[in-house]
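Residue numbers (the numbering used here), protein chains in the order written: chain A, 1 to 116; chain B, 1 to 113.
Just so you know, the hints here were simulated from the structure itself, not pulled from any lab data.
It is possible that part of the hints are untrue.
Quick list of simulated restraints, FRET-style, between CB atoms [said to hold, decoys possible]:
(1) A/Asn23 <-> B/Arg44: 16 to 26 angstroms
(2) A/Met10 <-> B/Pro8: 34 to 44 angstroms
(3) B/Ala82 <-> A/Asp67: 38 to 48 angstroms
(4) A/Lys69 <-> B/Tyr100: 16 to 26 angstroms
(5) A/Asn54 <-> B/Ser106: 25 to 35 angstroms
(6) B/Asp26 <-> A/Ile74: 31 to 41 angstroms
(7) A/Asn57 <-> B/Gly3: 14 to 24 angstroms
(8) A/Asn57 <-> B/Ser106: 17 to 27 angstroms
(9) B/Ala2 <-> A/Lys3: 30 to 40 angstroms
(10) A/Ile63 <-> B/Glu59: 26 to 36 angstroms
(11) B/Lys71 <-> A/Glu66: 33 to 43 angstroms
Where chain B lies over chain A, by a calculated footprint (3+ residues, C-beta under 8 angstroms) [stated by the list, open to error]:
(12) 38-50
(13) 106-112
By construction, the Cβ of each residue, glycine as well, lies at the ideal position given by its N, Cα and C atoms.
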Amino acid sequence: DAKTTQPPSMDCAEGRAANLPCNHSTISGNEYVYWYRQIHSQGPQYIIHGLKNNETNEMASLIITEDRKSSTLILPHATLRDTAVYYCIVSDRGVFRGGSNYKLTFGKGTLLTVNP
Amino acid sequence: NAGVTQTPKFRVLKTGQSMTLLCAQDMNHEYMYWYRQDPGMGLRLIHYSVGEGTTAKGEVPDGYNVSRLKKQNFLLGLESAAPSQTSVYFCASSYSDRDYGYTFGSGTRLTVV
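Chain B on its own, in the form it takes in the complex (with noise of 0.2 angstroms):
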């Protein structure tokens, strides 16, 4: 088993450009997450899903979007890429039964230019 698997692992965008980030987990985990994190911020939590055609906001989730077609992959979106949105972007999933934890995958690291 991969658990969670993110890609790109390194991205360089220019301003105002478009990319998609993709998070795979072959678990069959009901619910996903994007986080981002920021030096000093913590992990931020920006959208999450619990199902397989659901998505919904978190606290950090303007300048983004997200779709969960299929259930083993949860995609997120950034139109108009700002230098803000520089940062590291974990993708997580869990079961439904909280007496699990979380998968996390190793990161997406983008930077906005």
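Looking at chain A on its own, in the form it has when it is part of the complex (with noise of 0.2 angstroms):
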């Protein structure tokens, strides 16, 4: 999987728009980006993933440049439940070939702070 880079943490006011950041200047071609949130204590969450194109679902928006070397999640109006780690992951789609190139790699994220 190629590698993402994402800043460590940060803030954001209740009620606000929460943009988080990532970069993955080595993906190919064949990897969609994924995004992860992992709040304390929990199992992960899946939020929304993308190819090219932006992407909207009930959770959350992905927009990913053109040239696909970054990305943002947007979460459009930020509660004190959305206060977590985001993980932002690279990872290509298609059969199993018995590679590692099929599972989910995961770093260390971001961790979101939602503030009253």
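Since each chain sits alone in its own frame, please combine them into the complex, following the hints.
Encoded structure:
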């Protein structure tokens, strides 16, 4: 999997948009960008993923730059319950080939703290 | 649907004891994974399985064994527990089509004394 770089921590005011950046300059053409989050003491939770187009679901929006070397996860109206570690992961999609390229590799992520 | 269920939720072992962690999913997922999480380390993949009867090593497989005799269950075994295996263990499952995310369990907190 390609490496990702995320800031270790960010703060956001409740009710404001939270914009979490991620750099993935070595991403290859068949690799997707995935975002997960982990609220304290819980298992990680899938948020959203994309290949090259911007994506939106009920939880968040994902903006991927045209060169695909970076992306931003947007939580439009952050709440206190959004305080968590957010992981940006790149991974290819395809059938199992017995290698190491079929798994999600979690880094240290960004600790987002939403303040009242 | 329960999603991914891990048992037990907590366990304390003495060094040298053995135990099995059970992961069960009811979503008919083909793939299943075991991760461990230590403070400041993020999640590290121990073993994974891409189908019933198959298993493969992840980043940190030493000291662990796994089995996937049934599609819905993925077992993680510690034959001789060591203090270095004190950790939080997470199981996850997914479809083979990567156009979906992983579903994680709530974790097993294991302490080896």
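Inset, instruction - If any of the earlier hints don't hold here, list their numbers in rising order. - result: No hint contradicted; all consistent.
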